[in-house]
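All chains, please: the whole structure from these sequences, using the hints.
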Amino acid sequence: MTASSGARTITYSRAITEALDEEMARDERVVVLGEDVGRMGGIFGATPGLYEKYGADRVIDTPISEMFIVGGAVGLAITGLRPVAELQFADFIVNAADETLSKMSKWRYMHGGQFRVPMVLRMPEGATGGGGAEHSLCPEALMLSYPGAHIVVPSTPADAKGLLKAAIRDDNPVGFFEHKALYATRGAVPDDPDFVVPIGKADIKREGTDVTVIAWGRAVHWALAAADLAATDGTSVEVLDTRGLRPLDTDAIFASIEKTGRVVIAQEAPRTGGGASEISAVIAENVIDLLEGPIKRIGAMDVPIPQNPALEALVMPTPADIHLAVKELVG
Amino acid sequence: MTASSGARTITYSRAITEALDEEMARDERVVVLGEDVGRMGGIFGATPGLYEKYGADRVIDTPISEMFIVGGAVGLAITGLRPVAELQFADFIVNAADETLSKMSKWRYMHGGQFRVPMVLRMPEGATGGGGAEHSLCPEALMLSYPGAHIVVPSTPADAKGLLKAAIRDDNPVGFFEHKALYATRGAVPDDPDFVVPIGKADIKREGTDVTVIAWGRAVHWALAAADLAATDGTSVEVLDTRGLRPLDTDAIFASIEKTGRVVIAQEAPRTGGGASEISAVIAENVIDLLEGPIKRIGAMDVPIPQNPALEALVMPTPADIHLAVKELVG
Amino acid sequence: MTDPKTKLDIYRTMVLAQSWEQALMRLIDENLAPASYHPGRGSEGSEVACTMALRESDYLLYDHRGMAHIIAKGVPLVGLFGDFLGNELGTTRGYGAGIVHVADPDRGVLGQSGTLGGSQLIAAGAALSAKIRKTDQVTMCFFGDGAANRGTFHEAANAAGAWKLPLVFVVQNNGWAVSVPTEYSTGGAFVDRANGYGFPGVAVDGQNPFEVHDVAVEAVERARNGGGPTLIEVKTVRLLGHYLGDPQAYREAAERSTSATRDPIVWARAALKESGEATEEQLSAIEAEAIEQVEAAREQALAGAKPTADVLTEYLYV
Amino acid sequence: MTDPKTKLDIYRTMVLAQSWEQALMRLIDENLAPASYHPGRGSEGSEVACTMALRESDYLLYDHRGMAHIIAKGVPLVGLFGDFLGNELGTTRGYGAGIVHVADPDRGVLGQSGTLGGSQLIAAGAALSAKIRKTDQVTMCFFGDGAANRGTFHEAANAAGAWKLPLVFVVQNNGWAVSVPTEYSTGGAFVDRANGYGFPGVAVDGQNPFEVHDVAVEAVERARNGGGPTLIEVKTVRLLGHYLGDPQAYREAAERSTSATRDPIVWARAALKESGEATEEQLSAIEAEAIEQVEAAREQALAGAKPTADVLTEYLYV
Ligand SMILES: Cc1ncc(C[n+]2csc(CCOP(=O)(O)OP(=O)(O)O)c2C)c(N)n1
Ligand SMILES: Cc1ncc(C[n+]2csc(CCOP(=O)(O)OP(=O)(O)O)c2C)c(N)n1
Ligand SMILES: [Mg+2]
Ligand SMILES: [Mg+2]
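Residue numbers (UniProt numbering), protein chains in the order written: chain L, 1 to 331; chain A, 1 to 331; chain V, 1 to 318; chain Z, 1 to 318.
For the record, the hints were derived by calculation from the structure and aren't laboratory data. Here a beta-carbon is modelled for each residue, glycine too, at the ideal position from N, C-alpha and C. Any given hint might turn out to be false.
Each computed DSSO-like pair below joins lysine-lysine, with the alpha-carbon atoms no more than 27 Å apart [as the list claims (entries may be wrong)]:
#1 K201/L to K259/L
#2 K134/Z to K53/L
#3 K134/V to K53/A
#4 K131/Z to K53/L
#5 K259/A to K205/A
#6 K235/V to K273/Z
#7 K5/Z to K53/L
#8 K259/L to K327/L
#9 K164/V to K53/A
#10 K273/Z to K306/Z
#11 K53/A to K131/V
#12 K306/Z to K5/Z
A few chain A residues that don't get close to chain Z, going by computed Cβ distances all over 12 Å [stated by the list, open to error]:
#13 E18
#14 P63
#15 E66
#16 D210
#17 E285
#18 V287
#19 D302
#20 P304
#21 E312
#22 K327
Below is the structure:
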């Protein structure tokens with residue numbers, strides 16, 4: 001993190017807008033495209049004002065054509081531009097899966113390094129009550145078995161801004177997951193226009209000594225809430241925010257576990273097949289000897305997200321679930 | 001496995017054909033669709049003769065429209081038929097990802113159980129030399145975080161036939177991955193026309209006492225070869241074939257680990273983000289106390305599969321890799 | 001030509017859908033149902049008039065805007081309220097709420113894909129199914145001008161054209177996909193796309209539901225008789241926002257007020273009176289009856305029990 | 001109208017592609033290159049004649065069949081052999097082999113999507129890029145009749161039509177997608193689909209490369225001058241199997257022999273002689289020269305070193 005003189009308190013959503021605005025101003029190759037990103041400013045209000053400022057050539061309202069949004073962005077990226085494409089909901093990654101997992105992620109490698117694919121794919125994610133099985137997902141882990149792109153998931157306004165700026169400046173493709181429930185959250189963000197957060201560096205969001213809770217995106221906040229709960233039991237929880245899934249900062253993870261000897265991994269996605277499983281496997285492969293107990297995963301129930309908000313709430317993990325796992329570990 | 005009087009030695013590919021043929025004969029609601037499955041009998045020769053026997057209405061050569069193949073099959077399945085759809089290469093699951101992961105897997109749940117989706121999606125998988133990054137994958141794990149469908153991966157002709165028949169008779173959607181490199185392999189298959197292999201039951205393909213190697217699909221054969229190598233060191237390896245990823249037979253896995261205390265999980269997919277990570281996490285969460293060492297994962301390098309067969313070979317895991325992991329575990 | 005009785009039926013059903021939607025809005029105001037809904041005011045003309053060309057055994061893939069097609073297909077109102085209330089009386093037994101996945105297999109209502117375009121493929125599959133099973137069922141699939149630009153349409157339309165499937169596509173062109181004007185995001189005209197797949201395309205004014213009905217009847221009959229698919233492009237309007245509470249800052253006042261003059265319910269009422277096919281008394285009676293019917297359904301639906309945690313895994317694996 | 005010099009250039013390039021393919025077959029016979037290849041014999045007419053309407057700075061998205069478009073765009077033959085041999089002299093530096101991902105950014109050759117249709121989207125993006133960057137580059141995208149039925153085409157064509165992108169789609173309709181006859185899997189005619197996206201479609205006989213060239217030149221000029229996209233449907237033939245060694249049991253002898261009479265190279269040779277635009281000597285000289293050129297490239301390429309394990313991660317992350 002670059003040092004900065006001042007800082008302002010802004011929302012996560014505003015942080016995204018500022019990152020886009022500043023990078024568009026800095027580099028005219030940066031263009032934004034997606035459904036309703038232009039004149040409407042995005043259905044979650046993350047891109048207001050850009051259309052007015054940069055015009056229809058650089059802020060492109062697309063047809064409802066997710067394959068074109070991502071595949072077209074690859075075409076833009078290999079011909080001299082630096083597109084920031086948006087899928088209106090992260091769930092729609094499955095509507096452009098070949099384009100994301102094969103074209104965006106592999107075009108450079110498949111062609112022997114002859115191209116770079118400097119693009120960012122923004123994907124608003126998460127369950128926020130009533131979205132149902134196709135508008136509520138946190139599908140970050142889908143990208144894991146398709147190497148080639150970074151996977152970034154910010155949890156705070158500062159991270160959102162700093163990571164998005166880093167992603168736009170990065171010559172690799174980046175899958176960038178923003179949590180819809182975080183858009184309205186506020187936090188201090190440095191003023192420095194060159195403030196970037198390096199991709200792939202974990203951040204200890206709270207120090208602790210007894211149990212490490214690993215999380216990213218919204219689950220970081222659940223982990224922090226669980227740490228508060230655990231503190232009342234006299235348990236000291238360290239919250240490690242991976243800030244995404246690739247690159248994975250295994251050094252930071254192993255160092256924290258070395259200190260605590262106990263680990264819970266918390267995610268919003270269903271327990272099975274998510275980032276938590278991957279991180280668990282990395283730990284069990286490399287530092288199992290440091291552990292004093294099982295590696296616990298917290299995630300949503302392994303069911304499609306029901307559309308009824310009351311049922312959705314029953315399916316989602318909670319700080320209490322994380323707290324319980326922590327308690328079980330400290331015995 | 002139903003007991004059977006006789007058995008014949010046939011190929012894995014023939015086993016698939018027989019399963020389709022017998023189930024089509026038994027139940028006229030069973031229809032087959034996909035690219036070149038009809039008059040050509042499939043580009044890997046897995047569906048010969050069906051078109052001639054059952055006609056163009058039940059053996060449907062489709063356009064090159066993967067979204068239609070899967071999404072259309074969902075339409076067939078909810079209106080009284082039992083489709084067996086084929087994606088010509090398993091890699092193309094990303095060309096029909098919404099249809100597979102959301103429509104096929106979730107239609108029943110999203111609509112409060114008002115429909116059943118009795119369909120099988122056949123997907124020939126795996127690297128066989130020169131297919132490159134988009135025709136060589138084993139993408140079974142992509143389905144893990146999308147509950148709703150079974151994930152089946154047979155390793156032998158008997159399993160191929162018995163599991164495919166079970167899948168066709170099952171009222172759940174099933175993702176059925178056939179390994180292209182196994183099509184020509186031979187094995188004994190029971191004659192009994194009602195021979196089915198229950199979905200979700202692991203099979204101990206070789207008994208052993210020192211190390212458990214967990215695998216599915218082609219990697220089972222690598223595990224068996226590694227077991228031979230290990231035997232020459234005096235190490236007794238148990239090879240547990242999960243036969244797929246969902247349902248996962250955790251009882252069988254835990255029982256084997258209870259016996260051996262050491263585990264290697266071998267898959268063909270890249271090491272990161274595959275079924276091995278999931279199984280590792282399940283073990284580390286539930287039976288970590290039974291382990292005498294780390295949980296080792298063997299998989300392909302975390303790179304897109306290079307098209308050059310010589311490079312592909314360097315990327316793929318081998319029996320020697322599994323053997324080495326076994327040796328490291330027994331110290 | 002739509003006969004007077006059918007015209008009245010169309011009017012009755014449009015009014016019923018309108019009343020239902022008004023009652024839903026009230027439920028939302030009262031915080032009894034979640035606010036995520038895409039109001040259908042303006043497109044009842046195409047939804048009702050097209051759907052009424054179907055039989056009960058025919059298949060319907062409705063779209064996300066409004067509920068008029070679902071109501072026209074005969075799904076009980078109690079079930080619809082139950083879906084929005086998220087209770088056991090809903091067609092999805094409490095799973096759905098908000099922009100729902102209504103399902104009614106007995107009436108051929110095959111559900112909805114939450115990702116736009118997904119239903120186009122399922123519709124093509126359902127139509128192929130009818131052909132394979134040699135029934136004479138017709139499938140009708142609704143979607144907006146925005147969803148018409150997803151690749152799913154191409155794959156569905158091509159298969160339908162190649163195999164002459166009994167399928168009627170209804171493109172509800174209301175000029176907008178959320179904030180994006182159709183002409184900005186669309187090359188050519190939807191109606192002209194049909195020809196490229198080898199089947200007829202017909203454009204029709206959605207303000208006039210009787211004309212829409214004529215077109216739909218012809219398309220459905222053609223499909224039923226082995227003549228293959230039809231694409232109907234209905235020029236319609238979105239009287240309200242994309243979603244409830246949409247400030248619509250992207251929309252000019254002039255365009256909104258032009259749209260407002262094209263309300264199919266208002267038009268049909270005037271036309272029926274003008275032609276003498278209905279009297280003021282008849283029309284008022286229809287309207288009063290609709291409100292009564294809706295009220296009764298609403299009351300009944302409110303009594304439904306909320307689902308409990310045990311349903312969470314009930315419909316996952318058989 | 002294609003002038004005589006260009007006609008000879010087209011002939012020369014077709015013959016070069018044919019000679020190159022023959023040399024590749026020999027490499028495969030000799031077990032020096034992997035056997036997975038989709039021979040291009042029969043479609044050189046469209047590939048060469050269309051591509052030759054482009055400038056070097058224009059973009060090409062070729063397809064999986066044959067290499068004639070790539071050769072016509074000027075990619076050095078050594079690089080192509082290197083790609084099949086999988087050595088460092090390949091355009092992809094040894095990564096590729098078999099049905100390759102040839103790339104040559106300096107000549108606008110943007111690579112290939114191994115999943116059919118993927119290139120259509122990338123082509124639309126490249127064309128949009130030229131528009132945004134205000135260059136006058138044109139993008140040309142080839143694909144077969146089979147790939148034309150993927151939903152990707154719809155999304156690419158719609159965007160191209162909506163924004164009048166400088167994009168030329170070339171549908172190489174050879175009547176087959178592997179074993180499936182085009183008419184079985186396709187509704188309507190490809191050429192008619194263009195109109196639905198608001199741009200012109202032209203059908204042309206691929207046996208006559210000179211006519212194809214006329215059509216392509218017109219389309220490229222229109223694109224360059226802001227007139228938007230064109231879809232060219234070339235009626236062509238697949239003289240050989242889908243892949244090398246394909247027994248083609250699905251194909252009737254009669255259809256195969258009719259196809260055989262439609263070889264564009266044979267046709268062009270006869271036409272050039274007949275019209276007096278070339279003499280037997282000139283044509284023979286072109287043919288001999290092609291073989292020589294190919295031989296020289298082949299020899300050079302065979303000397304390339306095989307890649308080693310260290311390249312495996314070289315091009316993954318920057
Ligand atoms: C694949 C997909 N992309 C985007 C969305 C988000 N979305 C829902 S409705 C809508 C606009 C649809 O416009 P149109 O099809 O014209 O229907 P209208 O709302 O105008 O009735 C969008 C973008 C979605 N649900 N699915
Ligand atoms: C998305 C996708 N589906 C299927 C395939 C497998 N495949 C490769 S070539 C081919 C046939 C293509 O037919 P066509 O587009 O007509 O081209 P042709 O081979 O006739 O030149 C198929 C099915 C693929 N590579 N990608
Ligand atoms: Mg619309
Ligand atoms: Mg073809």
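Status of each hint after checking the structure:
A C-alpha spacing of about 18 Å is found between K201/L and K259/L, which places the hinted pair at or below 27 Å, so the restraint holds. Only pairs whose Cα atoms come within 27 Å are accepted, and K134/Z paired with K53/L is accepted, the gap being roughly 19 Å. Our distance criterion of 27 Å between C-alpha atoms is met by K134/V and K53/A, whose separation comes to about 19 Å. For the given pair, K131/Z sits about 19 Å from K53/L by alpha-carbon distance, which is consistent with the 27 Å threshold.
Distance restraint check for K259/A and K205/A: the Cα-Cα separation of roughly 15 Å lies within the 27 Å cut-off, and the hinted pair is therefore satisfied. For the proposed pair K235/V and K273/Z, the alpha carbon gap of about 57 Å is over 27 Å, so the pair is violated. As the CA atoms of K5/Z and K53/L are separated by approximately 51 Å, the hinted pair breaks the 27 Å bound. A threshold of 27 Å between alpha carbons decides the hint, and for K259/L with K327/L the separation of about 17 Å falls inside it, so the pair holds.
Distance restraint check for K164/V and K53/A: the Cα-Cα separation of roughly 23 Å lies within the 27 Å cut-off, and the hinted pair is therefore satisfied. For the proposed pair K273/Z and K306/Z, the alpha carbon gap of about 44 Å is over 27 Å, so the pair is violated. Distance check on the hinted pair: K53/A and K131/V sit about 19 Å apart at the alpha-carbon level, within 27 Å; holds. Restraint check: the Cα-Cα separation between K306/Z and K5/Z comes to about 40 Å, which exceeds 27 Å; the hinted pair is violated.
At roughly 21 Å from the closest C-beta of chain Z, the C-beta of E18/A stays outside 12 Å, upholding its exclusion from the interface. Under the 12 Å C-beta cut-off, the non-interface status given to P63/A relative to chain Z is violated; the minimum distance is some 4 Å. E66/A, annotated as away from the interface, has a beta carbon of chain Z within 12 Å; the closest lies near 7 Å. For D210/A, the condition that its CB be more than 12 Å from all CB atoms of chain Z holds, with the nearest at approximately 31 Å.
With a closest Cβ-Cβ approach of about 31 Å to chain Z, E285/A is found to remain outside the 12 Å limit, as its non-interface label requires. In this structure V287/A is separated from chain Z by more than 12 Å, as the shortest Cβ-Cβ distance comes to about 35 Å. With 12 Å as the threshold on Cβ separation, the claim that D302/A sits away from chain Z is violated: the shortest Cβ distance comes to roughly 8 Å. For P304/A, the shortest C-beta to C-beta distance to chain Z comes to about 8 Å, within the 12 Å cut-off, and the non-interface label is violated.
Some Cβ of chain Z comes within 12 Å of the Cβ of E312/A; the nearest lies about 9 Å off, and the non-interface call is violated. No beta-carbon of chain Z comes within 12 Å of the beta-carbon of K327/A; the shortest separation is about 22 Å.
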